[in-house]
Amino acid sequence: MSTATNTTTSAATGTAAAEFVGVSQVYGSATAVDNIDLQIEPGKLTTLLGPSGCGKTTSLRMLAGYLQPTSGQIFINGIDSTTLPPEKRNLGMVFQSYALFPHMTVADNVGYGLKLRKVAAKELQQRVAESLDLVGLGHLASRKPKALSGGQQQRVALARAIAIRPSLLLLDEPLSNLDARLRIQMREEIRRIQGETGLTVVLVTHDQDEALEMSDRMVVMRAGRIMQTGAPAEVFTAPANRFVADFLGYENFLTFTGSGLVTVRPEHLTVTPAAASGTPLNAHISVGASSGFVLPATVTSVAYRGTDEIVTVNLAESFGVDAAGAAATTTLKVSMHRGSHDAHLAPLRPGDSVDVSANAGDIVTLPTE
Amino acid sequence: MRSRPVLFTLAILGYAIMIVPILFVILSSFTAGKTLSFPPQGFSLQWFEKALAYEPFIESLGSSLLLAIVTTIIALGLGIPVALAIARSSLRGKSTIQSFFVSPLIVPELVIGLALYQQLMITLRLDSFIALLLGHVIILLPYAVRVTGATLALSDLSIEDAARGLGATPFYTFRTVTLPLMRPGIISAALLSFITSFNNVPLSLLLQSREFRTFPVTMLDYVQQSYDPMIAAMSTLIMAGTVVIAIIAERTVGFAKIFGGINK
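Residue numbers (the numbering used here), protein chains in the order written: chain W, 1 to 369; chain P, 370 to 633.
Incorrect hints may appear among the rest.
[Unchecked claim] Straight-line Cα separation of at most 25 Å, SDA-like style, residue types lysine to any residue; simulated pairs:
hint, chain 1, residue 1, chain 2, residue 2
1, W, LYS146, W, ARG181
2, P, LYS419, P, PRO408
3, W, LYS144, P, ALA618
4, W, LYS88, W, GLY198
5, W, LYS115, P, PRO549
6, W, LYS44, W, ALA30
7, W, LYS144, P, SER524
8, P, LYS463, W, ALA30
9, W, LYS144, P, LYS419
10, W, LYS146, P, THR621
11, W, LYS144, P, ARG620
12, W, LYS146, P, VAL613
13, W, LYS144, P, LEU548
14, W, LYS88, P, PRO549
15, W, LYS122, P, THR545
16, W, LYS118, P, GLU529
17, W, LYS146, P, LYS419
Keep in mind the hints are simulated off the structure, nothing from the lab.
It should be emphasised that the depicted structure is a prediction, and the values quoted were computed from it without experimental measurement.
The following block holds chain P by itself, in its conformation from the complex (with noise of 0.2 Å):
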């Protein structure tokens, strides 16, 4: 570090302009104040109070995380074996059925939110909530496609052959061997897909209904009417959950081994 200064300076500088303005929001949700400004005037936890006794911010909190949890588990139950298929089999026509599953990431999601909504909710009548399903999932399967694949890419195939000389039928060897050696990749994929189901916008702006909102949202409409630090409360809430949940995956897993398998 010290004998790069250019390289360090810019690291600083980089977490700075990521971490400063998160700290502001943080920072004003505190505010004894009427208004989201900096600095806060005085502390207080009445924006706290305030955002968790608002009903609309609660329920679609709730629909978010239910919608990102069962997107997630369908999007894991569906990529998981296609990327054992692509890793595995010696199909031809592999690299077709890869880029069929990463197609999704080059399609605008308004254009995806938009198609599912020409066709699930007016010409299906489907409700939203099994419309945004849908439409999350095929934005999810990419990550988890090429994400656990990643895992089985960089395994080496003659473990499996070894079990299987051990004495291990194909599916015991499936069992002991090459799920345990793609759990980070799993674990990671989860989180992917949790995290982009919970942040997607796009879809949710088009598919959504009065019956179903998604947090995120919500809290661009409230900003759009008032201006007031609880939605900084909100924020800071979210950001708190998202620090428990990294700091689990970091003891339990480890963030190298979760997002190591992403970029090889």
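Just chain W, same shape as in the assembly (with noise of 0.2 Å):
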């Protein structure tokens, strides 16, 4: 089992808003995509979700018709749209860089797409306001693109294309290009705005946090292919494999004698001063993944983060842990909360002697690769 996937491999059945059947995106020696089956639900957010060079924006423009597959077929609401060229597909895509046309005012871009559907004028003028209404910028009609600031813009975007009406509403890592607290407050807005219309959304992005916080459903892909499919809260606590695992913040990866490869983030990990364990240390080495751990460790470094410490502890050999495990590490990072409480804790330092323990309900077993 290399790679995880949850998704069923079966012709178009209709009940899908899209689907990619056996999908592969191929320049020269390069696959970009890599025979991916992969169906969207309708009326939910799902989101691609992977590093750079994952696939998932080739597979996005495969969805809209700017490229086409090498090999594999598309349907959109049960059609074979495979060929069809972008201006046939009835779907609105979001740039990462909003391609607004800057010779035209706000009202026009939103009103591009209802032209060509030959939309009455008055009629036009109405879902024109409508739709920029529902971005919240109704009172900037008249202006020009370059007007508007970046998130302004960007609901421009949104607003020229959901006055389509499209079938899906596809976004291109539609937040990287904003500052960070207006990233938070567009995720926000465009899952109102995703539950206001009732769109079947597909959303590129590269950030987890926002994945997790956005979607119905994530995607989670590698080198053009998927390695898990789920609801946020499924792929967060059981991720599929030691990638899905690492995208996700789980940073430690273990191999006991006899379990598999386990996981644990750092939120999870607790160190305490090894002395005030009183409990003696071969004890602890027996209980594997099943039923949590306490292992023996130095503390290598401490960085304060604000509202945590990371601490970094490096475990004492020869105590069950398979450090041969190519996988594994014998590095281990834990994230300290230091509330107030906490106060009156000496402050680890670099070189004590701590134990560091797990429960057995945040420990993740992976399959071993």
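With the hints as a guide, bring the two chains together.
Written out as structure tokens, the structure is:
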């Protein structure tokens, strides 16, 4: 089991808003998308998540019609759309750069797609106003894009895509050009708009927080393949393999003799001074992954981060940790929340002997690679 | 400015070197005297009257304007599609095509003129308007391709994708999005082409005939024979025309936009 996919490989059933069946995209010797099967559920927000080069944007561009798959089929609303040009797909796309028409007013930008659909002048005006109201920019209709802030341009791009009443709304890294605060605000905004319109949304992002917060379903990709598909909580609490775990912030990977590869989030590890544990060292080891662990270790560094501290510890050798497992590490990262009630505790210093522990429920077993 | 006195002085000096000689020409054109000298003797418009009545000037001015307008239209008509092809297609050998269309800039115009003179006028017996037309189109093409291409290279490709996604056919996208985006580039290329063609001497020297003479060459001929203030009056008139065009360009598109496209 080198790649774990939860999607079923079936022909278009008509229930999916869009479906990839065995889709590949090959550039010369490089495979950007490698034989993926994916169903986009109607009325849901699906994110394609992964690092750059994982094939998420390529997949979106194939869905939008800007790229032809090298092989495979793409169905939109049950219809084979693999070779349809973008103008015949009726999809609303929001680009990373917003791609507003700089020579047109905001209203003309939003009305562009409606004009092409021969919507009568009066209805066109009404729908432009509706779309702009939905993103809260009704008062800026006569401005040129250049006179707007990045966040406002983003909303115009959204309004323009929504105005045509697309069968799917595609968002390509829509928040990556915004500053941190605005990005958080737009996440909620996009969720609200999705809820109000009931649109099927496909969002491409490299930001796991964004995906976790916004998605109904997330699709984690790596090197052109789908690593895992599921609801955010499913993927977050039960990553299917080491890559997904790593990408979602599981930093500690351990191999115990007799148990496979396990992983624990830094927030789920606890460091206590070695003397305080009071139990003989050898007693901790046999417990393994199924019932939590306590391991002796030495602090190597402490990094202050405001709400927490990252304590890096080196595991003492020969305590049942199978360092030979290539996927495992002997260095653990622990995130310690230091609240005011911890103020009396002596701060940890490099060189301190400590015990690192985790509860059984926080330990995730991964398939060995 | 005040914090950089050296730079400020150099800028003033630069402008002075450019403008002062032109001022001398303008002032001497209003002279009441018989010779081109400075300071002008008295004030009169007599040399303007003479200039406007001097047939070779007026005739060659018409020829030069006609040549500049026609060659500009042809150069842009050829240059815009080439710029589009270079900027938008994924053709292999794109850079070779680009170098090919810019290469006339490297060849001395006299050499181009000589080649055209031999081939077109002597071998093919074409008349000088056609030969000049071809010659000018050759030297204008690099400007047309580069300057219109610069605006394309600067514009975001996904803007065209966005139009397609909203339902526009490739042609509708070109008409409503690409062409308007290229507008500043097209206008600056047109102005540059027009000025380059209108001012060109080397090609005209070789390719003109008794029937078709261009304005700069006529002026040169005139200066060689007689050195009177009429040439200054003619220069002043041309400059006034240029200033009017420049003001219109500034009002409609803006210099920053027109010439901004060249450097980037």
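Hints, one by one, checked against the model:
no. : hint                : in the structure
1   : W:LYS146 / W:ARG181 : holds (22 Å)
2   : P:LYS419 / P:PRO408 : holds (20 Å)
3   : W:LYS144 / P:ALA618 : holds (22 Å)
4   : W:LYS88 / W:GLY198  : holds (22 Å)
5   : W:LYS115 / P:PRO549 : holds (18 Å)
6   : W:LYS44 / W:ALA30   : violated (32 Å)
7   : W:LYS144 / P:SER524 : holds (16 Å)
8   : P:LYS463 / W:ALA30  : holds (22 Å)
9   : W:LYS144 / P:LYS419 : violated (52 Å)
10  : W:LYS146 / P:THR621 : holds (18 Å)
11  : W:LYS144 / P:ARG620 : holds (19 Å)
12  : W:LYS146 / P:VAL613 : violated (30 Å)
13  : W:LYS144 / P:LEU548 : holds (18 Å)
14  : W:LYS88 / P:PRO549  : holds (24 Å)
15  : W:LYS122 / P:THR545 : holds (22 Å)
16  : W:LYS118 / P:GLU529 : holds (20 Å)
17  : W:LYS146 / P:LYS419 : violated (52 Å)
In summary, the numbered hints that this structure violates are 6, 9, 12 and 17.
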